[in-house]
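Visitor: Chains as they are written, first to last, in the working numbering: chain A, 1 to 656; chain B, 1 to 368; chain C, 1 to 102; chain D, 1 to 175.
These aren't lab readings, by the way, just hints derived from the structure by calculation. Glycine residues also receive a C-beta, built at the ideal position from the N, C-alpha and C atoms. Hints may be right or wrong, so weigh each one.
The calculated lysine-lysine pairs, modelled on DSBU-like cross-linking and capped at a C-alpha distance of 35 Å, are [unchecked claim]:
{"#": "1", "chain 1": "A", "residue 1": "Lys369", "chain 2": "A", "residue 2": "Lys547"}
{"#": "2", "chain 1": "A", "residue 1": "Lys539", "chain 2": "A", "residue 2": "Lys437"}
{"#": "3", "chain 1": "B", "residue 1": "Lys94", "chain 2": "D", "residue 2": "Lys98"}
{"#": "4", "chain 1": "D", "residue 1": "Lys98", "chain 2": "B", "residue 2": "Lys33"}
{"#": "5", "chain 1": "A", "residue 1": "Lys572", "chain 2": "A", "residue 2": "Lys547"}
{"#": "6", "chain 1": "B", "residue 1": "Lys333", "chain 2": "A", "residue 2": "Lys109"}
{"#": "7", "chain 1": "A", "residue 1": "Lys572", "chain 2": "A", "residue 2": "Lys368"}
{"#": "8", "chain 1": "A", "residue 1": "Lys113", "chain 2": "B", "residue 2": "Lys333"}
{"#": "9", "chain 1": "A", "residue 1": "Lys437", "chain 2": "A", "residue 2": "Lys368"}
{"#": "10", "chain 1": "B", "residue 1": "Lys80", "chain 2": "D", "residue 2": "Lys98"}
{"#": "11", "chain 1": "D", "residue 1": "Lys34", "chain 2": "B", "residue 2": "Lys94"}
{"#": "12", "chain 1": "B", "residue 1": "Lys84", "chain 2": "D", "residue 2": "Lys34"}
{"#": "13", "chain 1": "A", "residue 1": "Lys580", "chain 2": "A", "residue 2": "Lys547"}
{"#": "14", "chain 1": "A", "residue 1": "Lys161", "chain 2": "A", "residue 2": "Lys547"}
Taking CB as the label site, the calculated pair distances span [as the list claims (entries may be wrong)]:
{"#": "15", "chain 1": "B", "residue 1": "Gln16", "chain 2": "D", "residue 2": "Pro131", "range": "20 to 30 Å"}
{"#": "16", "chain 1": "B", "residue 1": "Pro285", "chain 2": "A", "residue 2": "Trp32", "range": "57 to 67 Å"}
{"#": "17", "chain 1": "C", "residue 1": "Asn84", "chain 2": "A", "residue 2": "Ser642", "range": "46 to 56 Å"}
Not close to chain B: a few residues of chain D, all C-beta gaps over 10 Å, as computed [claimed, not checked]:
{"#": "18", "residue": "Ile101"}
{"#": "19", "residue": "Ala116"}
{"#": "20", "residue": "Asp144"}
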Amino acid sequence: MLGLALTILGAPLVGFVIQFFLGRRLPGQGAWLTVATIFASFVSAVVIMASQLGGADPFHISWAWFDPSGGGGTPWTVGIHIDGLTAVMLVVVTLVAFLVHLFSTSYMKGDPKYYLFFAWLQMFSVSMLVLVLADNLLHLFMGWELVGLCSYKLIGFWSEKPAPGNAARKAFITTRIGDLGMVVAIAAIYMTAGSFEFSKIFEAARSGALADPWITIAGFGLFFAAMGKSAQAPLHVWLPDAMEGPTPVSALIHAATMVAAGVYLIGRFMPILTPDVLTVVATVGAVTAVMAGFIALAQDDIKKVLAYSTVSQLGYMFLGLGVGAWHAGLFHLTTHAFFKALMFLGSGSVIHACHHEQDMRKMGGLLKKMPITGWTFLAGVLAIAGLPFITAGFFSKDAILAGAWHRLPFLYWMALFGAVLTAFYMMRLFAMTFLGKPRDQHVHDHAHESPASMTIPLLILGALAICAGWGAWHGILLNPEIVADAMGVTATGFKTVGDLEFEHSGLVAAMAITAGVLGLLGGLYVFRFMGGAALDRLKRPFAGLEKVFHRKFGFDELYREIAMRPAYGLAKGFRVVDEKGVDGAVNVIGRFARDTLAALSGRTDRRVVDGAVHLVGWVPRVLGAGMNALQSGRVRFYLSVSAGVLALALVLGRIL
Amino acid sequence: MQAWLDQLIREHGWLQAVPAGLVYTIAIVLACKLVLVFVSVIAGETVWLERRVAGRMQARIGPNRVGPQGLLQFVADGVKLLAKEDIIPASADKIVFLLAPIIVFAGAFVAFAVLPWGFGLVPADMNIGLFVILSLTSIEVVGVIMAGWASNSKWAVLGAMREVAQMISYELPLGISALAVVILAGTLNLTDIVVQQEGAIWNWYVFRGPFAFIAFFIFATAALASLKRAPFDLPEAESELVAGFHTEYTGFRFAVFFLAEYAGMILFAVLASVLFLGGWSPGFPVDLTGPGMRWVGFGILFAKTLFLLFVMIWVRWSLPRFRVDRVMYLCYKVLLPASVVCVVGAALQVLLGASMGDGGFAAWLMGR
Amino acid sequence: MTIGLMHYLVVGAALFSAGLVTVLARRNAVAILIGIELMLNAANLNLVAFDRYGPGGVRGQVFALFVLVIAAAEAAVALAILLNVFDARDRIDVDAMTNLKG
Amino acid sequence: MKLPDLTPYIAPAVFYGLAAFAVISAIAAATAPKIVHAAFGLMAAFFGVAGLYFMLGADFVGLAQVIVYVGGILVLLVFGILMTGKTRSTLGLEEKPKLLIPAFVGGLFFFGLLLALHGTDFAARAVPPDPQPTTAPIGRAFLDPEQYLLPFELSSMLLLAALVGAAYLARRRRT
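Turn these sequences into a full structure, and let the hints guide you.
Guide: Listed below in structure tokens is the structure:
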């Protein structure tokens, strides 16, 4: 097991080092190397998952890193922890990363920094794997920050243009704000539990060493960090801007690495989250889910729609976690990883085919031109909309909704409404892109199906988007008992996980099914069959709302007003104070000194001071003439004198 | 050796009258003489071998008059050189001029003391034998530069500077690639290194993993270069520098340089055999530690040495000379990084081997 | 008749003094380096001798090896500097190096 | 007739021989009229000191002394001498050191050191234990984080810096 774990981490790490330093000189710029290494990771991850699902005990190993007390204390450790949750995360991360690598070999072709892209892609995967495999908070934090760094490099990959650079900075700074919470949480936990190790932390929570208020502070801190990483309102603003990065990067960020980190963090720390924290988690998730759904409705950029749908789906995951159906939240993370990666890669394929045109208003009717992309994309759309019984998304979303129904009915209604929205805007996206008549003949003429290295990942992910949920019938995938066993804990303050069986029957499921189908059909009708004039008529009453949605509820403007403008204003104010106030005062004093005091002092100066100065100057000149001989700059002379004096001291010291 | 001497003293009563220290001293001196004579003879025969092989490669016969097949040619050459006038250039720095050949000779010959010729056939079995050889061969450098400077001739100075730069540079990959074997073996003792290679042929270090395999070729190349053998013979490129640092030397002193050069060849051939090619191990399991069998081992090692010597000669008469900047390029940008990679790789090999245990890689991967 | 610590220390002192004389007597910068190397060697000899006659362990030898490293670094850098000085001044006489402006 | 046993005298004889060799070479290095001779005197002193290391049971240090000082530093010094001389006559190779004051200072220093040694009790062992192989203990001491790992790594950084610095300083200027 250790070997497998080290292979998972080590293969891509070696790949990164080789690719980073030698990639340019390798044949094919080394892309095949990174694909191969990540594939090795994937295979190892599958083996690990198989053994975990087969009921193997959790694996844990740790090494002493260093002793912060300088000796005698408990050393800080680094280590590897593998349980059911880890195993599933490993498979998801490595699979999506592998497919994204494969996809990129064609998508990035011809880019001047081709090899570098793969190097950072590889490092991104490594960072996420470090995070997932960590057995303690500090180690996890390293992975956490590495993920942030790599996302910064990748979002800003085309840094010669200003927009990606700004987006990268925005992502970095926004997630860093969230990380404040992480630091606070780490401090709170280490202070009370005395260890970073997960098992020790949970032990401390059970035994009461980690208690209020610190446990609540730690919980909120962790969730704040997760909000930044996983783009929950109001820290979601960076994620849509991150679309400036290359599309495979978006797929990786949205499906497997960056945003999954936050969900994983909360999932991992379920045992120490108090009911208060969980309520906040659920509420933030539900609000985010609905809000992002509205925004997605009004976007025209294909990647922006997908980005907001990710924010929305992440909201669902947090809702699931927050209402205690945490296996459902993580299950949704898994299925979402598949279909969201699918749709991002699909959109990448579309963008690639349309010569980097991203505006949906210029697309349309692409299904015939790009059958594989189109049909697999449809699979993704159906999955995210939760088409009952056959798609993976249905099972995971339904599980979340069921959990919410049991715990916080109000949030359930919000989520249900969000589900309608989701189906609706996703159908809008699909209809505008693939159905109907081409809106821009020029773009349409250029469109063509992408090469095999791009469509194969799409096919694999399409199959997964449909099938990944089927195991849920039998409770195989992410079976709550297995996961709970593996983690050896249950969520505190809640019904045990076992009570939250998938409840596909009954009212809840019926409503969820209705919501999904309603949204899909509505979207299809409105955007496929209604036609331009009728659509405009339909839209008219909602013009004001659409504007609000299109402006993304004004978060960016809000931040500009409350954060950036005050900062600029403050700076401007300081400048005024400096120029007018301080300089003015200095000038007044200076004028007084020049006109009045200087005249007076000038007279004194010439008589009294100069005389004294001349006297003072004369003495050192005479002395200096003597010393000059000593200060010759000749090293040997200095050395002779010092050695001679030392020798004399030695001799005299003994004799006297 | 001391044990053997003690036994000798015990068995022969008359020796007991002599102080033990004196016996030891005399024995050491005799052993030194023996090695010296032996190596000198081999070196002389290597000269003969070189000339014969060169002759064959150039479709001529080579020396075949003195002794059977010309085997005694070196004696004749030696006599001729001894009989020549011993010239010391007028503007030379006499003391240094006279000291230089001695230092070169000493540097080349002292190292033979720690070479294991067979199990127990080691004049001085030191636990850091390899390090001794590497450090003693670096003494030769000083002798070369002394000779070049003392001759007060521009050819000699230029040749000496080129040679010294080359020898010092190639000492790095030489030592580092040998280190790969040391890491695998876990010892600097040459006897122990050979003992670890006994048994089947894949126990030879050259076949123990990719790093040692590469290290062997680095070692061989670096050894050629630090011996100033073609294709690295720029310091003595006769078309440019007459004869390099020993341009001004004649007669006996020249013979000493000449002999030292061939002694160096033998030294490195033996060392390469010992480090990489299993020393006296024939490549299949056989016990060569018995009193008589040692000499069989000696014969096997000697055969390997002869083979390597032949390869050196072969290379010399086949390849053209390098350009001077290419020589340095090869050393610093190719061999040195490659040898470092070999050492790191060998270390990893040892580490992984230790952590993998018996089941090998697959078992390790699955956590057994 | 045994050789004790003091024997080695006296040899070290003699070597050190010889190095000192070299440094003081020579004008050529390379020769001064020679003197410095002599002094370092004397110190090293003392370290190893203390190690041998001290409480055991290899502390003294380790220090001697560190001194060796420093000496190598020092010689390399010093000679590089001297070559630069030689470039600028055509001589490496330390008495001539009384100002740094090249 | 039984000859007197000379064994106990071998070690002192070797010691005095080596010590005399080292000191005389060092004095030659200090006083030789030619700098190159001084350098070769230095080499002889190195060998003498290396021999003393062997007598002290420090075989690793002794060999390191030979390989680094003789094979490295000394060659570097001789190179320096050869490269900073233009022709033989103006080489700076011929330089009669002015010995009067340095010899006086050096002698005084030596005398002072002797006095200091004489008056100090080092608490040393009169007869040290049998020498053990030192290579492995030295290697362990270097790589043990509790002992000298940090200085070891730092000195490797120092060497790297010196290497880069020397290469940079000594590069040929295009003028």
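Visitor: Please go over all the hints and tell whether each is borne out by the structure.
Guide: Going down the list of hints, with the structure as the test:
{"no.": "1", "hint": "Lys369(A) / Lys547(A)", "in the structure": "holds, 33 Å"}
{"no.": "2", "hint": "Lys539(A) / Lys437(A)", "in the structure": "holds, 20 Å"}
{"no.": "3", "hint": "Lys94(B) / Lys98(D)", "in the structure": "holds, 24 Å"}
{"no.": "4", "hint": "Lys98(D) / Lys33(B)", "in the structure": "violated, 45 Å"}
{"no.": "5", "hint": "Lys572(A) / Lys547(A)", "in the structure": "holds, 33 Å"}
{"no.": "6", "hint": "Lys333(B) / Lys109(A)", "in the structure": "holds, 32 Å"}
{"no.": "7", "hint": "Lys572(A) / Lys368(A)", "in the structure": "violated, 58 Å"}
{"no.": "8", "hint": "Lys113(A) / Lys333(B)", "in the structure": "holds, 26 Å"}
{"no.": "9", "hint": "Lys437(A) / Lys368(A)", "in the structure": "holds, 11 Å"}
{"no.": "10", "hint": "Lys80(B) / Lys98(D)", "in the structure": "violated, 48 Å"}
{"no.": "11", "hint": "Lys34(D) / Lys94(B)", "in the structure": "holds, 13 Å"}
{"no.": "12", "hint": "Lys84(B) / Lys34(D)", "in the structure": "holds, 31 Å"}
{"no.": "13", "hint": "Lys580(A) / Lys547(A)", "in the structure": "violated, 44 Å"}
{"no.": "14", "hint": "Lys161(A) / Lys547(A)", "in the structure": "holds, 28 Å"}
{"no.": "15", "hint": "Gln16(B) / Pro131(D): 20 to 30 Å", "in the structure": "holds, 28 Å"}
{"no.": "16", "hint": "Pro285(B) / Trp32(A): 57 to 67 Å", "in the structure": "violated, 44 Å"}
{"no.": "17", "hint": "Asn84(C) / Ser642(A): 46 to 56 Å", "in the structure": "violated, 27 Å"}
{"no.": "18", "hint": "Ile101", "in the structure": "holds, 28 Å"}
{"no.": "19", "hint": "Ala116", "in the structure": "holds, 34 Å"}
{"no.": "20", "hint": "Asp144", "in the structure": "holds, 17 Å"}
Hint compliance for this structure: hints 4, 7, 10, 13, 16 and 17 are not met, and every other hint is.
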